[in-house]
Structures are given as structure tokens and as C-alpha cells.
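Peer 1: Spelled out from the first residue to the last, the chains are:
2 protein chains.
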Amino acid sequence: MSVFFYGCVTLDGYLADKRHRLDWLHQTGTAEETGYQDFYSRMDITLMGRRTFREIEGLGDPAEIYPATQNLVFTHRPLSCPGFRAVCGDPAELVRGIPREKNVWIIGGNTILAPLLEADLVDGMTIQIAPVLLGEGIPLFTQGEGCIRFRLAGVKQYGQFAELCYERAAPAAL
Amino acid sequence: MSVFFYGCVTLDGYLADKRHRLDWLHQTGTAEETGYQDFYSRMDITLMGRRTFREIEGLGDPAEIYPATQNLVFTHRPLSCPGFRAVCGDPAELVRGIPREKNVWIIGGNTILAPLLEADLVDGMTIQIAPVLLGEGIPLFTQGEGCIRFRLAGVKQYGQFAELCYERAAPAAL
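From first to last, the protein sequence lines stand for chains A and B.
Residues in the first sequence are numbered consecutively from 8, following our numbering.
Residues in the second sequence are numbered consecutively from 8, following our numbering.
Incorrect hints may have been included.
When chains are identical, the list treats them as one kind, so a pair holds in a single copy or across two.
To be verified - Think about it this way: if two alpha-carbon atoms lie no more than 20 Å apart in a straight line, the pair counts; the simulated EDC-like pairs of lysine to aspartate or glutamate are:
#: 1; residue 1: LYS25; residue 2: GLU125
#: 2; residue 1: LYS25; residue 2: GLU64
#: 3; residue 1: LYS25; residue 2: GLU152
#: 4; residue 1: LYS163; residue 2: GLU174
#: 5; residue 1: LYS109; residue 2: ASP45
#: 6; residue 1: LYS109; residue 2: ASP97
Since the hints were derived computationally from the structure, they do not count as laboratory data.
Let the sequences and hints guide you as you build the complete structure.
Peer 2: See the structure below:
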């Protein structure tokens, strides 16, 4: 499998404010201008935390928002939403069990990204940076200490978002 | 006066590792490819913390590294370096006392940037993001909670650095 992060953060690195809200994001503009559809069309499986799933539920029918992927939610509670399945345990172990040909998108939840970074299982990251500082919130990166190097594949500007695209660094560059 | 931040951070927002070292930066490439000379030529005054000054001392003669600016170091200890002057107190108060026509560069020290952001005294930020995660270190942004919005003026790629250029947001966009 190949594993990707794709999502928005503030300039100070927060996925959401400390109440898990995205007001700063909605005030910055829409994602329609970005390469999202192209990215999503290449994904087979999504991974998210329970709080991210709840946020998605708040936006409308989750099955309509992620219609083409198998969607896995890390939660200990039962889920009754078509197209979404509750999973639990170690994200790295789960990801290692996914077939080679599948593309996996880590939608949200730093508790999922961190163990995958630590296990060197992240192949690419596309990060849209909003021109906003929050000062407090839910950070994107919470992995433990250790130098992890990626390769900058490109930068783009979409409205007020700076999009940075990273690929796995070649072994020689590590 | 107009106040600017210009400098490098890791993708997870650190100015330096937790021992205040910049190994990750030196391993990424040099700053020679960037618009640094153009930026520096427009500055009149630099502001830095004591630790940043020490790092600069480690690189060579500080007066040669920042020859064209008046360089102010926040420290309670005496300094004996031509072109550098020890200052102390509240960075916001100091900056408010600088003449209107002067351009001020916050070189380093999140303890200087944070109070200036909180006082709405930062006019621009040019941030080079290195494709590196450290997990721990000295964060660039340590200002208190509160939504501060900038305007994304442009993005560039210099080698493996993504450079994001921000300007003060117009009042209507706040």
C-alpha cells in the first residue's frame, strides 16, 4: 500500500482549533479550487479518527462525501453508516495489512498520522497551509522526536492556501 | 516602522532542535539560492534573542554576517561586539519606539516574535519550510490563543525549501 496525508493546516500547524472546530478554514475559502478531486480519485481507502468522522457527519451524509473509498474509522464504538467501518488497534499494524496496490488517505487525526510517521509508513503528504495563526489547537504533527526527511515535490498557490507536496525521500537523501 | 520575520523552519514548525541546533537546516541545502540578499538589503534594524546571537557567533564574526543593519540583542548581559547592542524589556514597546521609516527584521527567537504578533506589530513574514520533521524543538510560533490572519502574497520553491510570503491582511479580510 501507499499512504498519503492530504489536508489543511494553519500556518502554526493546527488541524483544528482546540474545540476541534474549523471556522478558520471556512473563513479562508473553499477547497474547490484545489487538486482535491484528482487526489481523491486515486484513493482506495480512507483512515480517520472518531472526531474527524463526527466533523464529517456534521457536514452532511458521510457516504456522499467519501463515496468511492472504503472508509475506516478508529473508534471503539459501533458505527452505522454505509461505506464506513469501525476499526481499532495500532494504525501501523492495520496499514501494514492493507494490500500493496491500495492507496490509503489519512484524512484526519494526528493520533493516526503520528504512529504511521514513526513507523516510516507515510509515502506522501499534500498540505494546504491557510494564512492563519491560531495559537492553540489540535496539531497535525505529534510524532515523537526524530528527524524524518521528505522530498519537496512542488509548491502551488490556490487562492489563500499554499499547497506543499512532499514525497518519500530517496534512501540516499535520508 | 515595518516589522518582518524572515527565516527557516521545519515542516513541523521548529526553528531549531531542542538543543538549539540547526543540523537539519544545514543538511537541507544553503540559503544562497533564496531572495535573502534582496530582503536583507531592505532592512535597517535586526532583533534577535541571546541564543540566536550565540548561534551567529558560532558561524563567524557577527559584524560581518549582519554588516548593514543596526543589530539589537535581547539580553541582560553586556555585549562587546561591534554593530550589536544589548537591549532588554518588552519587544513590543521597543519596536513601537523605532522610527516609522525603519524596517525591522526579527531574525530569531520565538520570545520576540510572539509578543510582536500579539501586539499586531508584524507586517510581513517570509518563511522557508524545510522538508524535515523533528518531533521536538524550539517552535517558531508561541503566541497565545487568538486568530491572526495574514495575506498569502506568494509561494516559491528554492531547492528543497518551500518559501511562503505573507503580508499584513487588509482590515476587510480580518
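Peer 1: Evaluate each hint against the coordinates.
Peer 2: A quick look at each hint next to the structure:
In this homomeric assembly, LYS25 and GLU125 come within 20 Å of each other (Cα to Cα) only across copies, at 19 Å, whereas the closest approach inside a single copy is 24 Å. Taking the shortest alpha-carbon separations for LYS25 and GLU64, only the intra-copy value of 19 Å comes in at or below 20 Å, while the best inter-copy value is 39 Å. Taking identical chains as interchangeable, the C-alpha atoms of LYS25 and GLU152 lie at most 20 Å apart only when they sit on different chains, with a minimum of 10 Å there against 23 Å within one chain. In this assembly of identical chains, LYS163 and GLU174 lie within 20 Å of each other by CA distance both inside one copy and across copies; the values are 15 Å within and 17 Å between.
Within a single copy, LYS109 and ASP45 get their C-alpha atoms as close as 16 Å, which meets the 20 Å cut-off; across copies the closest is 46 Å, which misses it. Taking the closest pair of Cα atoms, LYS109 and ASP97 come within 20 Å of each other only inside a single copy of the chain (19 Å); across copies the shortest separation is 54 Å, beyond that limit.
In terms of the numbered hints stated before, the structure departs from none.
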